[in-house]
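S.K.: These two chains come separately, so use the hints to put the complex back together.
Which chain is which? The protein sequence lines are A and B, in order. Going by my numbering, the residue at position 187 of the first sequence is 187; the numbering climbs one at a time, nothing skipped. Going by my numbering, the residue at position 200 of the second sequence is 200; the numbering climbs one at a time, nothing skipped.
One or more of the hints may lead you astray.
Here are the computed lysine-lysine pairs in the BS3-like style, where the Cα-Cα straight-line distance is at most 27 Å [as the list claims (entries may be wrong)]: (1) B:96 / B:24; (2) A:220 / B:89; (3) B:24 / A:220; (4) B:15 / B:217; (5) A:211 / B:89; (6) A:220 / B:96; (7) B:24 / B:89; (8) B:15 / B:96; (9) B:15 / B:89; (10) A:211 / B:96.
Cβ pair distances, simulated, as ranges [as the list claims (entries may be wrong)]: (11) A:59 / B:33: 50 to 58 Å; (12) B:33 / A:226: 25 to 33 Å; (13) B:269 / A:159: 53 to 61 Å; (14) B:303 / A:205: 39 to 47 Å; (15) A:231 / B:202: 36 to 44 Å; (16) B:310 / A:226: 47 to 55 Å.
Short, incomplete list of chain A residues facing chain B, as computed with Cβ under 8 Å [said to hold, decoys possible]: (17) 29; (18) 218; (19) 223.
For the record, the hints were derived by calculation from the structure and aren't laboratory data. Even glycine gets a Cβ: it sits at the ideal position worked out from N, Cα and C.
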Amino acid sequence: MVQVQVQAPLSPAPSGAPVPAVTEPLWKIRWRLLVRGFRQNWEVFRESRIGLIGLGIILFFGLFGAAWPIMMHFVDPNIYNPITGFDPMSMPHPSPPSLRHWLGTDPIGRDILGQLMYSTHREFLIGVLAALITVVIGTLIGTVAGYYGGFTDTFFMRLADIMILFPFIPLLIVVGSFIRMGMFEFAWISGVLGGFGGITIVLKSQALSIKVRSYIDAAKVAGGSDFHIIRAHIIPNVMPLSFLYMMFNVTGTILGEATLSYFGILNIDMSWGMMIHTADSAGYLISFDQYWWLWLPAGLAITLFCAAFYMVGRGLDEVVNPRLRKR
Amino acid sequence: MAVEKLDPSPITQTKPLVQVDRLKKYYPIAAPFRRAVHFVHAVDDVSFQIRPGHVFGLVGESGCGKTTTGRVLVRLTNPTSGRVLLEEKDIFRLTKLQLVQFRQSVQMMFQDPYESLNPRMTIFDIVSEPLDVNGIGSLREREERIADMLNQVGLTPPQAFLFRFPHELSGGQRQRVAIARALVTNPRFVVADEPTSMLDVSIRTGIMQLLAGLREKLGISYLYITHDLAVARYLCDDIAVMYLGKIVEQAPAEQLLRHPLHPYTRALISAVPVPDPSYQRPPVNIKGGVSRPVDPPPRCRFYERCPLATRRCANEDHPPLVERDRGHWVACYEV
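Just chain B, with the same shape it has in the complex (with noise of 0.2 Å):
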């Protein structure tokens, strides 16, 4: 099995938080009155890991199945198959008082910042209301948890902050709520929803600091999904490029940018825009859009749109991840 190869370097050798194992998500399509009998793969057979602390990254094109993973991990969605541990525990299969403490230790934080917010809501009452539904702490308590939360994510002083509604605030504001909200039970592992991507440039970066710097802080590990490269080497210790439900290619993230070895992966990598005029873009020399993946034949996912395609892509399986280089897992035969 994939993930008891995923071993990770001994140095960094520790238990990891997250475990996805074999996950898999199939959409029915339906159809009124019948048993749908086609699918949509959007997670297909994904496995890996994220240790303690530490930020792992999960790029792809839209659709390519990055925001189910994040929504199963976060038990927003059951997946069709396949296991997620957390600190060893099946997410799944938990008892009551565990699922509590699920519920504190994961949270979630979503793209866009005028819809993750209820418009009917106080910042406190956004920012409270993991507290509230746990029944965490007296209210004198949640009032001081909250500014200080307020505080950490830079909305100062929390006073002038507290009894505002999200529409009274700016984008890059409402997000740093949306962290707070996601932040305030103290959790262990935070799945982020490309919280950065519907943000001007320039807030990106403090958003990005932000995150980057309570990470260290609190010692918080995510899932960052997101299509921005840029983003996930500023953040991520680790990269996993999805296609079409399937990790394709996973590393370092700077062994990912330097020494992209899947088609795709350099195909992406190829596609980030370069602030220089007189700069020669290299041939793009993938071809087509993302297909919906409705029922995809036993082949390589990628197989239409690659260069590199040869017959044995075509008549065999989707390619195993396999391990070329210390932690550089590729799933390509031509590589």
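Next up, chain A with everything else stripped away, as it sits in the complex (with noise of 0.2 Å):
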């Protein structure tokens, strides 16, 4: 039944020139196997309504913000430059939207548009670059805890416990309140704290099951260093579940940035939550029906960002677990 040729190993081969097995070099095949990967992922996750809207939100905010630099060739930018920008004919300010200045303008005579496109990208930057770094700390941190076990995890999982309990918002004021604290740096912090906090502790459970499979210990009997066993089959295996939270934290940090700068801790030139602090600080956010173009946009692109990565996280969830597929 089986057929079993012949040949000892580690004999070179028995006549001639060997067989070569792979014909084309390694990374070629790997990248077509990545390739491969990436499309059938994709399959699933655009069968999830929720990640496609969220990645269609992702993608209009990319445009938007990109649409800003190229908006500025055809405007003044006396005018429409959303930090240092006035514009005397449309007094007084604010004033409400017109044909001039589509969503009006701010008490100090900026156009809210303008200032709306010129945020997006730091948002980007912000979200992305916090999360990043979240994301790196929380999977080295999770992964080397849960296999080790013992003092290291302890030791992690209270210093966890300890950023979970700590009131994050009140922390960073404290923080910004005796540094300078402007875009990189919030994006820094926040992604520190945030990657020594809950995600450690996802994380952690997770290189805790993958610990206990066979291949583990496999790789141990074929004499794998912890080294290799952590980087070869822990980190490959949570990656998923960390590109998951990531999409998570993007939401957190923006929704931090804009309650930060919102109290006008930050030190940023513009922001969604600094257009709501100059409506706040010039005494404009009375009601609901007045001067609404002065915090609504803002407050819907902040919603919607922060809502558009969550979706694309909830999409991503049923590429990562196959029991949430409807299949």
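M.R.: Have a look at this one:
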């Protein structure tokens, strides 16, 4: 039944040149496999409406942000610059939406639509950078804690407990009061704080469930070091989950940024939170129907942007957890 | 000491490849912030030898310590006491260089082919892992070696399997990949932990033939762990029956199956299903199930379930393994 070729391993091939088993360079094959895996995951992702909607919104914001530098070529920068602009023609400020200013102007005469567009790319930058830092730290700590257990585990889990218990925003307010917190400072501080927090616990539990699989034992029997096992076996298997949490983290970071900007703690020239802060500090946040163009566009942008990343996360959830699939 | 007495018959007298000497593995029953006072005696004073090219079967119910024994033999678990010698070197006292050699010459096969292959790695990466981590061969050599290995385990043509993922293969094919991975470093000794128990009967035969064929061809010794006497009979030269961490009977395979002495072995053999509807099963005269060997009392481990038990079995410690026939060892006062 089983045809076994009579040939001892390690001995050279019996006659002539050995038949090449792999006819292509390895990286080419690996690249093809990667593309194929990506395509298969895309098929699953596409079936979840919610993920596609989220991706659509993110794409929209991407185009929206990219349109700003192009738009500035066609309009007068003295009027439409989101930070230094001023429009003397549509007094008094804040002026309601008009053909000249589609979303009106703010209390000091700057174009709201311009501010909204200008802020978009920085929201992307802050959100993705902070989430990336969070996920890298969380994945490393989570897998190491899960794999080694014992003291390492206890130490990082208690640290995570403290991070979760710590009021995040008040902490950042305190930190912001004694260092100058610009965009990048905020991104890495919130990234690091997030990285030692809840995500470690989730990834550690995932690492624990992978650690007991027999392929880990097989790697140990083969002589793999701890580093090899974490790098080659544990991290690739928690990676989808990390990626998922990255999406949810973008949401958290943007919300944090908006809150801190609103309190006027971040040293940022313009952001969506800052727009609401400007309206508030000038005393225009009085009622829903008056001066709505000062807070509604920015508020809506924050909500939609956060929701979009959350929805993409939900869509990815179905790729990562096959049990959620409807099939 | 039992090891010295376990002299193989003069015809096949060669130096043993693996010597297990009074191996013990106790697991503490952990209580937080307190010293463990109770221990599970998973493996309790086990000694045996495996000769080069031989297959040594370890048979027993689940929870009797056979897998723990196997894991100690490949250094996945440290023993509580006792020694394991591979070619007369203590495997727990190796220098760094010896350890690297040890990792190549000893491998393990696992029970569940759905768990023993990393789902994110291709077959190529899985099989080349033992070569990778030990830095053996160039990429080119590894490619050829892996293709050759897949050929030998019956995954032909290898090109069709190299860059598949485990979930694209059937259970039998996965187990063949696992075998290829275990044999790729050309090991001399392989611990096979029930590699056929998760497979369909039809596929099982193929895997067993493959293991037997590779053994003859490559001269590998196996420690074959199984609960299935039929599998053990097909593959093994010697069989040891384990019960609650102790070897209760050990003999050449045919001898053990034809003339079992220990009451537990007899019960095991009489419990093997026979494909004959009119077959009258002799009454199995042991009662109860395997208990957990937590701090076992100093008497025969089989006392509670034994049909032959006498006062002596209760009052004296667990009986020692004594040779009743040539190469046939039994641990029982009453047979």
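S.K.: Name the hints, by number, that the structure is in violation of.
M.R.: 5
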